[in-house]
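Peer 1: As they're listed, the protein sequences go chains F and L.
As numbered in the working numbering, residues 1 to 85 make up the first sequence, in order.
As numbered in the working numbering, residues 1001 to 1471 make up the second sequence, in order.
In case anyone wonders, no lab produced these hints; they're calculated from the structure.
Keep in mind that the hints are not guaranteed to be accurate.
[To be verified] Looking from chain F toward chain L, a few residues come up when the C-beta cut is under 8 Å (computed): (1) Gly32; (2) Leu66; (3) Phe69; (4) Thr72; (5) Leu73.
[Said to hold, decoys possible] Here are the simulated lysine-lysine pairs, DSSO-like style, with alpha carbons at most 30 Å apart: (6) L:Lys1322 - F:Lys40; (7) L:Lys1085 - F:Lys40; (8) L:Lys1322 - F:Lys71.
Just so it is clear, CB atoms sit at the ideal spot from N, CA and C, and this is done for glycine as well.
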Amino acid sequence: MDTSHLGLLAISDTGFVFDPRTGHSYTVNSTGLTLLRGLKQGLTLPQIRDSLGATHDCSYDVSTDLGTFIKTLENYQLLGNSGQG
Amino acid sequence: MNSSKPRYEVPTIVRNASGLMNKVGHRGSLESRTQIDGVDVDSLIKDFGSPLFVFSEGTLNRSIDEARLALEKHLPQSQLCWSYKTNYLGAICAIFHRSGSLAEVVSGMEYEKARRLGVPGNQIVFNGPAKSEAELQRAIQEGAIIHADHFEELRLIERIAQAARTRPKVGLRVALDAGIVPRWDRFGFSLESGVAEQAARFITDSPHIELGGLHTHIGTYIVDPRAYGRAATKLAEFAEYIEATLGCRPTHLDLGGGFASTNSLATQYQSGALVPRQEEYIREIGRALAQQRGAKLPVYLETGRALVDDCGTLVSTVLASKRLPTGRNSIVIDAGVNLLFTAWWYRLELQPCCPSDGFIEDTTVYGPLCMNIDCVRESVALPPLSAGDAVLIRPVGAYTFTQSMQFIHLRPACVLISESGDVELIRRKETLEDLIGPEIVPERLAIERARSNLSDHHDGLRDVRSGAVVQ
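Using the sequences provided together with the hints, build the complete structure.
Peer 2: Have a look at this one:
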């Protein structure tokens, strides 16, 4: 997964995300913020999934949620060139 | 589950959009609500299932009291008539009748419903554009207050009266211009074109019928109370004119219904919470009639929506949440437009029953029907909701249940929460028998024969697939 654009994003602690390439801003919730930061740090999706599972009260495997989030990032062209379909 | 950990929220990111705020907009229903009239929503679902129509007797009584006090103050010679079509659940009608309302019906079915509830014929106002001969015969025999809609109906009533050798009073529905848009002119006889006068003359010229009241229904969800003042003035002046020219005084004036409820129209800029209170409408009617010189006639009102809408809530449960390809969040709930026909033209409020401290975003709310049109709200601000979470949809006291239908799903139960907090079942959940009971499958389509035909058909298909020549 190409995540080269992630490094360009300005991400605040409160979930405000700014993309200087397009001027668009985004709001991300707390779990989404964990995921974005994890991806920026180079963690794999299974690692992020396990981290979320350990820190949150959840009764199911969140892998599909992470996959959907990644798709959304791709649609917004926030990940990298590979996501521009 | 470990409750010390924060509740998991599906990871979400939304692009921010700039735009102007609605200057009269109000905060969405983001605060969670776990009870209705002190009763836990969870226990309601556990006992009666989801979805579930819940009606509050306390809210209804307060609404009736508000109208009654306003009438005592501004229109002392008045009578409330409960509009059956707005909500004809027996228990709801009974609450209105207990408080002194007449029944206002617009069909033979509603008439029969009122009679079965114990309402005498002479306490039923019979409106509507489609009264059959048999229905009119009964209504005349039982002394109902009839308002005729067209000349065919007048002639039919005259024939029935002549045959029965009675001389019933017949009121007139009057279509008039009260200065609002859209103007309702399909009901009754037009005042401005002179047809209403012709209709009054038809009655006074007839040896078989007498003139009853004058009725008008200027529209629905009218947000300008002054329109009722104008309608009352026109109707009262018409009554005076009839008395002066035809020598016959109408028995009453009926200003119909149409007061707005706190619901918000889909096309409405402002919130429904800002619509006039019932007293404002009644005050305008009172002012207008106080200025009339003629006889002070009793006034009937058939206000339905404003009285009952707020007392109804539909409890529903989230079945799934889904991120749409556009990035918009959506949820699927177990109540769709089959139950919420009113969602076509109202922005119904949705209130979550779970803590709403998560990420709030615009969400599309879909119902459970396998139909693309099944959208309860195109966009409403909601916190993250998961399968199993309950939501409250309101107000749904007016027209929602009466217009609900058995489409793909059967209709759910209805309960009434009494003033003392007791929960009473007022309509059981439907079963398949309620749907197929009236159906008749012709003998030639009986399942055994159908199965045999199906088997022959499949044999033929198999022969074709295997390359066999079918003679």
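Peer 1: If a hint holds in the structure, say so; if it doesn't, say that too.
Peer 2: Each hint tested on the structure:
1. Gly32: Result: holds, 4 Å to nearest chain L Cβ.
2. Leu66: At 7 Å from the nearest chain L Cβ, Leu66 of chain F passes the 8 Å test, so the hint holds.
3. Phe69: 4 Å, holds
4. Thr72: 6 Å, holds
5. Leu73: Constraint on Leu73 of chain F satisfied, holds at 7 Å.
6. L:Lys1322 - F:Lys40: OK: Lys1322 of chain L and Lys40 of chain F at ~26 Å, within 30 Å.
7. L:Lys1085 - F:Lys40: 60 Å, violated
8. L:Lys1322 - F:Lys71: 13 Å, holds
Hint 7 alone, counting from the list given before, is not met by this structure.
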